[in-house]
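*Asks:* Residue numbers (the numbering used here), protein chains in the order written: chain X, 1 to 349; chain L, 1001 to 1592; chain P, 2001 to 2528.
Incorrect hints may have been included.
[Unchecked claim] DSSO-like cross-link-like pairs, simulated, lysine-lysine; straight-line CA separation at most 27 Å:
(1) Lys-124/X <-> Lys-1524/L
(2) Lys-1524/L <-> Lys-1538/L
(3) Lys-1552/L <-> Lys-1538/L
(4) Lys-1099/L <-> Lys-1116/L
(5) Lys-124/X <-> Lys-1477/L
(6) Lys-1573/L <-> Lys-1524/L
(7) Lys-57/X <-> Lys-1116/L
(8) Lys-1183/L <-> Lys-2208/P
(9) Lys-2045/P <-> Lys-2520/P
(10) Lys-1523/L <-> Lys-124/X
(11) Lys-1306/L <-> Lys-53/X
(12) Lys-124/X <-> Lys-1183/L
(13) Lys-128/X <-> Lys-1474/L
(14) Lys-2208/P <-> Lys-303/X
(15) Lys-288/X <-> Lys-2083/P
(16) Lys-1097/L <-> Lys-1384/L
(17) Lys-1306/L <-> Lys-2037/P
(18) Lys-1067/L <-> Lys-1306/L
(19) Lys-2045/P <-> Lys-2083/P
(20) Lys-1568/L <-> Lys-1545/L
(21) Lys-1532/L <-> Lys-124/X
(22) Lys-2327/P <-> Lys-288/X
(23) Lys-1342/L <-> Lys-1109/L
(24) Lys-339/X <-> Lys-2217/P
(25) Lys-127/X <-> Lys-1474/L
(26) Lys-2205/P <-> Lys-339/X
[To be verified] Calculated Cβ distances over 12 Å to all of chain L for the following chain X residues:
(27) Thr-42
(28) Glu-51
(29) Val-218
(30) Arg-301
[What the hints assert, rightly or not] Interface residues of chain X toward chain P, partial, derived using beta-carbon atoms under 8 Å:
(31) Tyr-116
(32) Ser-253
(33) Phe-330
Don't read these hints as lab results, they were simulated from the structure.
Every residue gets a Cβ at the ideal spot worked out from N, C-alpha and C, and that includes glycine.
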Amino acid sequence: MVSIKINGNLYNVPADYTILKAAEENGIDIPTLCYEEGLTITGACRMCVVEVKGARKLLAACATPVTDGMEVQTESERVVSARRDILRLLIANHDLRCLTCERNGDCRLQDYCYRYQVEDTPYKGAKKEYPIDTDNHFFIRDYSKCIKCGKCVLICAEVNGAHVYDFMERGFDTKVTSAFDDNLQETTCTACGMCVNVCPVGALVEKSVLWQGRPWEVKKVTTTCGYCGVGCQLKLKVKDDRIIGVAAAKSGSNLGHLCAKGQFGWEYVQSNDRLTDPLIKRNGVFEKVSWDEALTYVANRLKAIWQEHGGQAFAGLTSAKCTNEENYLFQKFMRTILKTNNVDHCARL
Amino acid sequence: MKGILVCGGTGCISNNSRLVHDAIEKELSQQGLEAEFELKYTGCHGFCEMGPLVLITPEEEFYCRVKPEDVPNLIDSLKQGKVYEELLYVDPTTKEKIKTRHDVPFYQKQQRLVLKNCGIIDPENIDDYINSGGYKSLHKVLTTMQPEEVIQEIKASGLRGRGGGGFPTGIKWEFARKSTADKKYIICNADEGDPGAFMDRSISEGDPHAVLEGMLIGGYAIGAWEGYIYIRAEYPLAVKRLSIAIEQAEAKGYLGQNILGSDFSFSIKIKQGAGAFVCGEETALMESIQGNRGMPRPRPPYPAVKGLWDRPTNINNVETFANVPVIIGMGSEQYSQIGTEKSKGTKIFALTGKLNNTGLAEVPMGITLREIVFDIGGGISGGKKFKAVQIGGPSGGCLTEEHLDLPIDYDSLLEAGAMMGSGGLVVMDESTCMVELARFFLSFTRHESCGKCTPCREGNTRLLEILQRIVDGKGEKEDLERLQSLGENIIMSSICGLGQTAPNPILSTLKFFRHEYELHVEKKICPAGVCKGMISYKIIEEKCKACGICKKNCPVEAIAGEKKQPHKIDPAKCAQCGVCMEKCPFEAIIRG
Amino acid sequence: MNELLNTEVIFLIGANTTEAHPVTGYRIKQAVRNGRKLIVADPRKIELAKYADIWLRQRPGTDIALINGLAHVILRDDLWDRKFVADRSEGFDEWREIVEQYNPKRVEQITGVKAELLEEAARMFGQAERASIVYAMGITQHISGTQNVLSLANLAILTGNVGKEGAGVYPLRGQNNVQGACDMGGLPNYYPGYQLVESEESREKFAKFWGVELPEKVGLTVTDMMDAAYAGEIKAMYIMGENPVLSDPDANHVIEALKNLDFLVVQDIFMTETAELAEVVLPGASFAEKTGTFTNTERRIQRVRQAISLRGNSKPDSEIIVALANKMGHAWSYPRGPVEIMEEIARCTPSYAGISFDRLETRGIQWPCPSPDHPGTPFLHKDTFTRGKGKFHAVHYMPAAEEPDEEYPLLLTTGRNLYQFHTGSMSRRSKLERMRPEELMMIHPNTAREYKLKDKDYVQVESRRGEVQTKIQVTDHIPPGMVFLTFHYKETPTNRLTINATDPVSNIPELKICGVRIKKIKPSLISK
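Make the full structure from the sequences, and use the hints.
*Replies:* What follows is the structure, given as structure tokens:
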């Protein structure tokens, strides 16, 4: 443990902490754009710069380890001046059509401009503008809004391992893109969408949410993915009783990471193919019936067979896709009502 | 036996020194003089503008601008034991012919420790190096010193990094020594990127073994057995000579397993960089060696803890490593007599700009700017007035007349708002516009920004845009304040040395030449008459004889006028080239 | 799962993690990137084979020989954990006798893995302080599936890689709630919490708890059920959320069996291939329309929350079961819904005793969680094994039920791809379909040349049990003489080909190996 002073207050924190982590744990909010827990710390955006006593330059809180006796100012005049300039520089080279941006209201750049009262930029000049890339099936890439935080590059390389993105050109011309600027379909992209999830602005946006609702109108319901056994935690984005997209949740062991299925495989839920009514097959054709009719019909058939053959004539398949509660009830139904242990599911498949 | 030493540095080679060498070789063989003269190529003498240079040993006769056709007469003189007067250096002030190199004013105030072999030995022959005392320091270190003692010696010498930052080399080595890992690395930074600076190239070309010897001693000191030389691919000759040196050192057992019979083993690989300025920054350099895009990493962790391939790494530049055998050779005590209190030894400067003598000069720390500019540099060319010196490369700062008597060392320069940098020194005279100068340097750093961090990537572009606006005559009143505050914020918040210094030329010119900026912005006047956006040409009606010469010579057809009528310049069309004024026989055209 | 980041060596066998469990695949890649060692054993050149320090390309169905071979070298080179074996295991000597027969040369003959490579892998695994074993259906879907798993357990016990952080054996479950369905007693021989049907004590306990008499006889497994239905012994089936027509081996047999029933009721969210055969179809709810819990592959019980309202007149599956129970004359009542059902589960399932919805609100809990103040159990067998001491099971290699032969010369193995899931009823109704809209049977270039096939040609694949048509992908992803199909596409119902030979203990079908033959066909012959 080391003791450090942040904004005049003394804190004891573990020696392997960064300034950012020490501040965060003690309720002091330092703005960040490029920092993402679990990814390599690049210190690129410089939003988190702080003033450390004795240092000639401002230091990036995300990348600087604490040292014993360190004295940090997180909102000093010098710090605020630097942050304001960084924001002014970012918005000087940013598509400012915030009115219709899907991230309006859910945008770090916007939030920090508000926090530091950056209404406009004095730096009017060249602006990098790119056509919006809509080529892949799942999300758009609007690089006129990209702030080059590099999180998409890192999560793709370090978590997925697909290495789809990197920086191209240098200096002011720097751009995030795929190898040879290829359409994502022709790259190693596995459509996991993690890049979309880490984008702090509106540069990467799921196609399914486009024009579907403002962020504050969208309800996010945290739940467990319905595909494989990893059990990733995700948030269903719901607007007007419809799912419009998925965001990764960090509460599970997936740590905010998802695969193509969890991220983009949800549309079946709202498919027109969904069964909406009980059906009874009569003369080889399914007919819609009421629940009462269907359940009475089933109960009568089961009772009749039970009376004739007993419990051993029944078998039931419960489901690896259903909830624990449903599985519990199903086996209880088979065992206590149909009196058979012939209950299984596709655990082995 | 006399030696005929033909300079084989890049500067002299591009002035055809190879033809001179071949002509001498031919002449010697025709005259059957091979046994009397030993002909060889050497490295650079630093006085490149006088090249091709030929040095005769042991007398140190110094012949300048030798052409192949001079060779027969030169050999004739030498054969007769006479000096060939026609090719001697002529002192521009006294018009006196100077016979030997050390009497040439350019060399008089130099103290050539690191460059002592440059121009003297054949860099492609390891025996030449050994015969002039080479690898003695390595031998001494391996046979009589513990690694800790080596570090102690370097610390005691007061050697500081010659690449820019000026960090004490011994302390850096000590950090790397104290880091534990399965493997450590030594990197020699030969990615010399400052425009105009070529001392690292000269050392690598002229005395490559000194670099290897320094790296070997460094490797022994920190406990590394692998070294990299990261060098720009634009230095093919240096790459070639270093490669030859490595091969020869391996053959002689100075590199490889159990060097000189000790337990110490060391190998060196050359990695060629693609020429990005930012790859001279140590963490970006290591990324580049690892095959990644050259972008700096945050520090800490410092390379001494986590460097190349995440192993402890010590990185110094060429000139620093070349100092190491010198220090071990003469001992730290003697070495630390040279220089100032906190800056020991010598520094090589690359003199360019409006000087009579340009080239490389190695001088003791603490020498004054005046001595460099007026004694070594021979003063301002064309009899113009000294205005300023840009020191420390494109991200250094400028010094003015008031600094001429400042003893130059790391700290005095920082204090004056400049920096040592790699030792680039550009001299400006009164015809230089300081705003345009700042714009020029900014256009370089902006172009070389890697694009990783916001302040450098976006900020330098905005600084350049503001400067461009000012030199175009479209500056706004708020621009000076914008330059100042944005410049300061870029320095404060950028991730690496490139961004942290890029605004220096602006801030120092703003400080020392604020008036020039104000004239540009408020009055739209460029006092040096350089900024095209400020210049307009006018024909004085009374003086115009309607001769039509200006009209004929104008490349953009901006001048109109009938016969016998005074002509007129259309400012909308005028490209401010100044040809009209030059051509007017009646001095009827003025610049405003 | 995240513990894989802290292990020294990962031994991955029979698991194509980056496609079937992608987020676990990320962890393995991250571990490798952080300098951890990876040994992959797989006949297929799976993506992680590229990340592996050592890739062992064993012949399909020779896992036991391979694993015994690893153990052999670890014993021979004295890299085993003597203390752990002495303190915490039994059956060592008997097992050792067997393993000694698996010298690297012999293993090479059986598996095709070079002896030196096997030795290198054994040393890498044996020398690690903390090593983990990850496996999935490539290990289990064999007639020797149980034996395969036991031999991996032997390896873990031998090296003491059990019950400590950053070490252990990680089986990967295929579906989101396989673990939960097993935990809840969705098995013919277990009540909830793996309480044995055969045990009189637990039967009495549940009879009392549920207030009814319970059948004594252990039930039938899926494959046995199908056989019994085929034989007319099973008269009625209730299938909830399963699609055996596509997912189970020997699909033609499954279809015949289901058609032979007097009554079939299927409860699902889509009209699946199985539902088509039903007399009554009941519309259930998807995970987005109901509340409850799923239990993941690391035994973590996590919340499922309703995000949107029910589609049409569909109902959550729990409500349907309750309603049906009532129609059957049993007064079931859970007015507070799944919360209340979980309370009942907690009362009768010791490993879930401490679970409640409240506790799961912010994050999941790993069972065993025996009381409301218990934090859950991240890794099992810490101080003792469930059965007391870890048992070495002496297992011998045995060949697959149906190896390729002259008539059916190619070896068919089956599995999954990244963009589809199981029988495709979910993933094929999403945009993922555009990534992989059709089956692409993988075939090695040499094999393709033998049959004069090029990439994207169409073939008919035949086994002793049926035939399917598919497009092919020529790739060295699989070795010569082998073909690979998924079971995602109803247009290419791969399980018409597979064999329903099963493991005698677990009843897992041998989906990974059967013999097939192929012939080139014109695309127009593809039956839609």
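*Asks:* Any hints from earlier that this structure breaks? Give me their numbers in increasing order, please.
*Replies:* Violated: hints 7, 8, 12, 15, 18, 19, 27, 28, 31.
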